[in-house]
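S.K.: When you get a sec, could you build the whole thing from the sequences and use the hints?
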Amino acid sequence: MLVNPVAPIIQAEPWQVEAACAEVGPAPWETHLGGISDLNRHALSICSGCQVRQKCLDFAMRMEGSVRTEARTCIYGGRTPAQRAALARRRKKAA
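In our numbering, the protein residues as written are 67 to 161.
Calculated from the structure, these hints are not laboratory results.
These figures come from a predicted structure and were not determined experimentally.
No residue lacks a Cβ here, since even glycine has one placed at the ideal position from N, Cα and C.
Some hints could be false.
Unchecked claim - Now the in silico label distances, taken between C-beta atoms and shown as ranges: (1) Asp-104 / Ala-160: 14 to 24 Å; (2) Ala-160 / Ala-93: 30 to 40 Å; (3) Gln-149 / Ala-93: 28 to 38 Å; (4) Lys-159 / Val-83: 30 to 40 Å; (5) Ser-114 / Thr-139: 12 to 22 Å; (6) Arg-155 / Glu-89: 26 to 36 Å.
M.R.: Now the structure itself:
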């Protein structure tokens with residue numbers, strides 16, 4: 067059962083109930099400009115063992131194109147906003 071939503075749920079996805087973060091709550095995944103916090107580091111460690119990490123990253127990457135750079139927040143799929151932005155640029159360049 068999903069006690070606390072995957073942080074933060076923008077659009078419910080079936081895989082989210084299987085996420086390692088499903089019972090953690092949103093605080094560790096919220097990022098702020100200027101770096102990552104100890105809570106963010108904890109979130110990244112939770113992501114590292116998550117069975118749906120790739121689905122989460124795929125979900126976030128689908129959203130990357132529709133979100134202004136300065137509006138990118140939160141950790142998804144074990145990646146920070148800056149890491150996802152860099153990945154999006156590499157993918158766009160390779161396409």
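S.K.: Looking at the structure, which of the earlier hints fail to hold?
M.R.: 1 and 3
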